[in-house]
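Its first residue numbered 2, the sequence shown is counted upward by one per residue in the working numbering.
Hints are not guaranteed to be accurate.
Here are the simulated DSS-like pairs of lysine-lysine, each with C-alpha atoms no more than 25 Å apart in a straight line [said to hold, decoys possible]:
1) K98 <-> K200
2) K93 <-> K185
3) K200 <-> K185
4) K98 <-> K291
5) K172 <-> K185
The hints are simulated quantities; they were obtained by calculation from the structure and are not laboratory data.
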Amino acid sequence: MIVSVVLLILGFALLIKGSDILVDGASNVAKRFNIPTIIIGLTIVAIGTSMPELMVSVTSALEGHSDLALGNVVGSNISNLFLILGICSIIKPLVFKRETRVIENPFTVFITILFFLLCINGGDSTITKVEGFILIALCAIFIIYNIVMAKKGNEFDKEIVLDESTESMLKATIKIIIGIVALKFGGDFVVNGASSIAKAIGITEKMISLTVVAFSTSLPELITSITATRKGEVDMAIGNIVGSQIFNILLIIGVSSVLSPISYSTAYNWDFLVLILGTVLFTLFPYIGKKDEMTRENGIIFLVIYILYMANMIITKA
């Protein structure tokens with residue numbers, strides 16, 4: 002039991018630090034090849050902050066722990082939505098841009114519902130490899146959409162100037178390798194530790210994946226969004242969470258199910274209901290109450306919902 006707890010903690014540390022090192026190294030490589038900063042942010046950084054969830058879900062799927070693979074993504078999205086956005090909007094009301102209101106938020110609702118429909122799959126309750134490829138294709142479309150929107154907004158850097166702080170290719174490449182290795186071992190440690198702890202204390206993999214694992218893999222988003230909000234970078238806070246919601250479903254579940262079909266348990270129906278209703282409510286916030294904002298009152302509502310959700314899970318031992 003003690004060994005499992007140590008493995009779990011060590012795994013989380015490797016995931017968080019590994020994703021940070023990977024993003025840093027990849028960003029420097031991209032700059033060396035004159036890839037615009039906006040593209041780096043929309044692709045490398047956005048996907049990099051979802052790396053902990055990716056490694057945990059992929060490892061879980063390959064080792065036959067479907068509850069961990071699914072619960073990690075569903076739980077992370079619930080944490081991102083209710084906990085992180087709740088805290089951020091309490092710190093500072095979040096103002097939505099037009100593209101987020103009209104396109105990105107509705108798209109998040111669409112793929113969340115699609116995710117659930119693929120899970121129940123007409124009673125088959127399996128996300129197949131073909132469905133995984135569909136999710137990956139939608140992920141590619143989302144990335145292309147962001148690139149097109151960036152071009153329309155003339156947000157590309159005219160020129161990328163390498164300053165003295167820019168790392169050499171060798172150092173950046175070494176960082177990428179170290180980051181990938183840390184993520185691999187971190188994912189293994191978290192899955193093995195979590196499944197062992199669940200068995201030892203008699204709780205389901207679903208519960209530990211929706212709580213401990215999901216919260217821990219959401220730490221990069223939590224730290225990034227709160228820091229961005231405190232600095233007045235509200236767009237970054239919103240974009241970080243909305244992007245993570247989308248990548249968690251399209252990229253992580255897509256890749257995981259392509260590598261190994263994921264079995265779905267109907268025990269997740271309630272959690273999906275909470276996630277879908279929360280996503281819809283978040284999409285409606287700009288149109289109800291104070292226009293184009295998620296207010297502090299909205300944030301308090303989300304935070305209370307998250308506390309009640311967690312309390313219900315603990316009490317019912319779901």
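Hint check: K98 vs K291, CA-CA at most 25 Å. Holds or violated? Roughly 14 Å separates the two Cα atoms, so the pair holds.
Assess, step by step, whether the Cα of K172 is no farther than 25 Å from the Cα of K185, and give holds or violated. Measuring from Cα to Cα gives roughly 20 Å; hence the hint holds.
Holds or violated: are the alpha carbons of K93 and K185 at most 25 Å from each other? violated (36 Å)
Proposed proximity, K185 with K200 (alpha carbon, max 25 Å): holds (23 Å)
Within 25 Å, alpha carbon to alpha carbon, are K98 and K200? violated (46 Å)
Violated hints, in rising order: 1, 2; the structure is consistent with all others.
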